[in-house]
Every structure is written in structure tokens, then in C-alpha cells.
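For the record, the sequence lines run as chains A and B.
Its first residue numbered 1, the first sequence is counted upward by one per residue in my numbering.
Its first residue numbered 1, the second sequence is counted upward by one per residue in my numbering.
One or more of the hints may lead you astray.
The list treats identical chains as interchangeable, and a pair is accepted whether it falls inside one copy or across any two copies.
Simulated crosslink set (DSS-like; lysine-lysine; CA at most 30 Å straight-line) [as the list claims (entries may be wrong)]:
| hint | residue 1 | residue 2 |
| --- | --- | --- |
| 1 | 206 | 232 |
| 2 | 328 | 206 |
| 3 | 87 | 206 |
| 4 | 297 | 3 |
| 5 | 227 | 328 |
| 6 | 309 | 206 |
| 7 | 227 | 297 |
Everything labelled a hint here was simulated from the structure, so no lab data went into it.
In this text, all values refer to a predicted model and were calculated from it rather than measured experimentally.
There are 2 protein chains.
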Amino acid sequence: MMKHYLLAPGPTPIPPAVLQAMAQPIIHHRTPEYEALFAEVRQDLRRLFQCRNEVLMFAASGTGAMEAAIVNTLSPGDAVLVVRGGKFGERWAEICEAYGLRVISVDVPYGKSVDPAAVAAALAHAPAVAAVFATHSETSTGAVHDIQGIAAAVRRTPAILVVDAITSLGVVDLPMDAWGVDIVVAGSQKALMLPPGLAFAAVSDKAWARVPSARLPRFYFSFTAEKKAIEKNQSAYTPAVSLVVGLRESLHLILAEGLPAVFARHDRLARATRAGVQALGLELFAEHPGAACTAVKAPTGIEGGAIFKGMRARGITIAGGQGSMRGKIFRIAHMGYVADFDVLTALAGLELVLGDLGYPVERGASLRAAEEVLGHQERGEA
Amino acid sequence: MMKHYLLAPGPTPIPPAVLQAMAQPIIHHRTPEYEALFAEVRQDLRRLFQCRNEVLMFAASGTGAMEAAIVNTLSPGDAVLVVRGGKFGERWAEICEAYGLRVISVDVPYGKSVDPAAVAAALAHAPAVAAVFATHSETSTGAVHDIQGIAAAVRRTPAILVVDAITSLGVVDLPMDAWGVDIVVAGSQKALMLPPGLAFAAVSDKAWARVPSARLPRFYFSFTAEKKAIEKNQSAYTPAVSLVVGLRESLHLILAEGLPAVFARHDRLARATRAGVQALGLELFAEHPGAACTAVKAPTGIEGGAIFKGMRARGITIAGGQGSMRGKIFRIAHMGYVADFDVLTALAGLELVLGDLGYPVERGASLRAAEEVLGHQERGEA
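Let the sequences and hints guide you as you build the complete structure.
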């Protein structure tokens, strides 16, 4: 018997109630039944995104919504500013380049978070920038970026701010209307606790004002087509019905817990994980680690991939490093349908695996440190 | 108690084994477990598409794969020929126009099928055409087009032939390599018996030769990125994991039944449906009706929508007419996880609903006619 534990940064574990909802016989989407379901989902999505406007939904993975944000708001040759601090920051630049935009990069080393003043300075030097692209939670490094600070810099300019919140929505607070973020992009397989295959884009009035004059070509990812359909509780093209059925359940779970409690839970799990790995003498990779995923440097002499593989052999799926980080870091995600004891499972597995690999481990040390965090929280001591 | 019967042209009913497979705890896609699953799916997809090359897969609905076929093979300003005989033929033209292509249309009235000689003649008049777009089974009208004949005309030219097989793959024979079709596009929610959210494109060598010089912009739908990933049993971006898990099961079911038997079953169900509605004095809408879906003219004085709604009130979901066909036709689908008695259910429902609407019905007439077809088949009398 091999029991499996999933602590990778997406797909994340799916609650039984969501799996059961999706396992019901499928319904047709051009029916009053689907429309009633979608009307409810629409409303709950706005609460989750903390926005007044509609949240557009696509049958796609998160990258599809990133592309949608670009093609609906920009024209060939437009200058854009991209904050790059990891693989997903780089993806913004890659999509922009594929569409013939002029990319100005604000680069920070992997593991660092951008200083909003650097974004403000870059915008001052390039006033014609039409859009700024940033990553809230950079999954490849575990770093969180100061979106509130970046938004304060961007909202004074004509540029729109587009944020990849794929691993931050429902993990850390992102009040998009209050902060002045123009497009928030998300996916289903992270804190939404669903399988991959749904992507979202919430769009501000400032971003909508761009759409009529944006000349990049688009069809499947057209904001206008989706907005027209959504007003009738429909999608422009066949929606991923079973995932929308699951989405209703996962939104119920999130909103019943309450956003502040959801954010506090993720913060608590992240602090416990950090305390645990640090108690083993390991070093965090991110300077400002986020609550979605903890990236840890592989100790000297041990390949990060060996840790990842050792965990898998014990039934625990975490993630290794991506691209240039391969072998150098490993990543424990604690996002979505994850609770205290799941984090302890990951830490216990880590102790055993590091021991197998010859790293000196005081057994139980990481669990003790994590319990300190979790126990304090229970007594209301933040 | 309301028991539901789904006979609409997608989503179609999902077999219990597929629902159960998708209801298992989700697996991560960057794992040997997913790669083994996908290796099996890759092989089975080639058998289903009857092609030698890889079948590319996207997290999207079918329209996404239609867009993919266009953006990976063409350049701005290219001339293309589009066969339009319904809503989905029109969609090819709409996507091509959104991408700045010069569209030459070969139009046939709704309900008719194109004469391949008309395609050959149009190609002779426009020798610079880079691609021909056709629809195998036009879901909006129930008509099937002669793809073999069109392919024979196109393969003599430099143009590639791109076929929307969204409601024909796994319904009627489409040996793409043998006929010389260059791109076959399909979706998950039709004969594949899955929820919507996976789209496919099988690509011939002639179409692949276009990709390096095709200048339309693309990122999420990049053939090159998917091909590179698929060789490692991966996807370029996060795949719709739960649907791929279901896909393995549905491909097992289809290939265990055997493609010839699957096609024969769809043909039998379609003939039984046609015999049934004709026994009620109703008229078929398509001149060459396909095996996926039977479109029927609403009888004089009865609005098609009333039939559709009456069926829904009795628990049976069929489809009405789309666009200009709204109210004029209704459509009974018999595709995917559908068997003899499902067709009889639809016909019995239709008799009751037509009776309610004041149409003179001889009760049982359509069932008798359909049973004649189904019974003959059982005794091997085609």
C-alpha cells in the first residue's frame, strides 16, 4: 500500500465534496440548470477576486488567461514593462514577445522580490509603456511581490497593471479594486482546489477601456465575446462544465471559511513550514517568501532532485526546481485544501529523506518547530 | 423524481467508469505516473485519429483547437478557402477573419452538403489558397460533408486541408492519413464521452512543413511547444489532468469496442432515429444527415423551441436550432455513450411532446419504425 500526499504547487488536493460534485452525470450548458449554476459562480467569483466587474472564465490553463490579458488590451509594437523574477515573470515576457510587443524588463534575481520604486523608476524613463506585467506569487522561487506598492506606482500612469495571481488568489490578500490592479489572472488548480482547465481574468474599467482599440488578433480568448455571453450566464464557447460544477463547490468552501480565515490559514501553514525547514538548518530560497509555496535551498552536497525523488518514493509529491533552479531548490506547497497535519507530514518526510541522503538530522526537530507555530496560532497568539 | 436523459450534441453522457476515474484524487502532471498515463493516451489517440503523427492536446474547448490550426500554419494576408454550410463552417471564417486572413467562401445552404467539385473549382480559380477549411459533421444542421472527396481535390494543390471533426471523430470513419487530411480538430465532449475542456489537433507532415514559416502570432496554442513537450509525455502548459485521466478510460472503451463497431453503432442509432421521426411524418433537415445528430424540421405551426422545452420538461435534453435555425429545427444527438434504448427514449418523448402540442401522433409509430432498424441490425441484416 502506498498512500499519496500531494504538496506540489498545482494541481493541489481536491476536497471530496468537489470530486463528488464533478462525478455527477454531466449537465448540458445551454440549459436553465447550468445558467442558474453559473449565475451563482459569477457572484462568488467577484467576492473571491474582490472586484466589482465580472470575472471572465476560459476553458484553458492559467497561461491561456495570461495570453488573454495581453491580446485584449494591446496592439502590435506597444511597449510593455515586465517584472521578471522567476519562470512565470519570464513567461509574461515570452508571450509579449510572441505577439510583437516591445518588452522592457525590470529584472530581479531569482528569489528576490522587486522594489516597487524600481518599477516607478522604469515607468518614469519609459512613459509610453502601455502595460506593466507582474507576478504576485512567483511559484518558481516561492517569492511574493509587493503588488500594492507596484499598483501605487502604476495607477498614476496611463499604463494598466496586469498581475499573475495564479498561485496567490485565495492564498494572500489581493483586493484588486482597492489597490488599483487592472487585470488579475488566475487558474483553477491552485487555491481554488480544482483540477486544471479553468482560467480566469478579472478586468478593471481602465483595462476594459483599452479593449476596443487593442489590435492584437484574438478569437478564443476574446474578452468582448465572453463578456457578452456572461451577461446571459453563458460562455462564448463550450465551457468546461464539470470544472464549473466543481467550482461552485470550491467557492462555497472558500467563502464559508471566509477570505480572512483562508489567508490566515495559508500564512500559518507557510510559517510552520519555514520554521520546520529552518530548524533542520536548511535555508529558505526566497527573500520574501509567500504563503503558497516554500522554496528551500538543497543543502551543500545534496542534489535537490534527490530530495524530490526521495519524497516521492515515500508517497509525498512536492516539487523540484524549474529551469536554472533545477537541482538547487525544492518546493513544498501548502495551498488550497491543505491543513496543519499535511505540513507536518511533509516535514516528517523531509527529515527521513534527508537522513537517507546522509544529511545530519535531529529527528523531530522540524516537527517541534512547526508545532510551535501551529500551537501558538491555536491559542490566538499570532 | 426527475430522471435526466442527455441526447444533446455535446456535452454527451459520460460512462460511469470515466466519471469514477476522474473522481479519484488528482495526480500531479510532472510525475512518472502522469507520464506513463500520457504515453498510453498518446498511442491510443493515434489509433482513434487513424494517423501516424502525434495528436496534439490542449486544455481548451474545440474552438481553441480550431484557432490553433489557423495560427500555426498561416501568415497575415494569406488566402484561405472556407466551406460554410452552418454555424461551425461560419466559425472557421470568423476565426480566419479575426486573424487577418483573406477568406474565400464556398457557401452551401444550411442543411446541404458541399459538392467536392465546387471546392475543386474554387481552388482552380484561386490557386494561391494556402488552406481549405471544412466541417466533417456540421452539428448545427446535422449534415455530413464528403471529406474524402474534398481531400482528393485539395491534396493535388499546395493548400492544406483542415477539418473540424469535433462531432465526427469516433462517430463516422475519418482515416486522415489515408484520405490526405492535413489537420483534424476534435474536442472531448462529443464521441469521446468526456466533459468539455480538452481539444485535439492531429497534424500531417504537409501541415507541419508550414509551421516554421507561419507568421501569425501564437503562444498558448503553439504546435511547436506542444510537440516538444509531448515527446517527453508532457504538455507545454499545465494539462487538464482530470480530463486526461478520463480520456484514458474513454479511449479504452472506444478501442475495446473497435472503431468499425463504434461507427456501425452510430450509424444504426442514426438510422433508427431518422426512421422514427419520419414515421411521425416529420421531415429531416439535412440532405445528407450524419450519424452524430439528427436535425428535424419543426412541423408547420409548431415552434421548434416548444418541442425542445417540452422534452426538457420530461427530463430529456435535446437541442434546438442555433442562430437562424432557432425555432425551425430541433436536434436529437446519438453520439458517444448512447445505445439503442436511449434513442427509443427520445422518440417516445417526442411522441408525447408533439401530442401535447396538438400535432397528430399515432402513438408508438416512431418506436415501431426505429425497432425495425434496430432489430434488423441485431440479425445482421444491414
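Cross-check of the supplied hints:
1. 206 to 232: Classified as within: same-chain Cα gap 23 Å, cross-chain 42 Å, threshold 30 Å.
2. 328 to 206: neither (41 Å within a copy, 43 Å between copies)
3. 87 to 206: Cα proximity of residue 87 and residue 206: one copy only (28 Å, versus 34 Å across).
4. 297 to 3: Within. Shortest intra-copy distance 27 Å satisfies the 30 Å Cα cut-off; inter-copy 56 Å does not.
5. 227 to 328: For residue 227 and residue 328, the Cα distance is within 30 Å only across copies (28 Å; inside one copy 44 Å).
6. 309 to 206: For residue 309 and residue 206, neither the intra-copy (46 Å) nor the inter-copy (41 Å) Cα distance is at most 30 Å.
7. 227 to 297: Close neither inside one copy (44 Å) nor across copies (32 Å); limit 30 Å.
The structure is inconsistent with the numbered hints 2, 6 and 7, although it conforms to all the rest.
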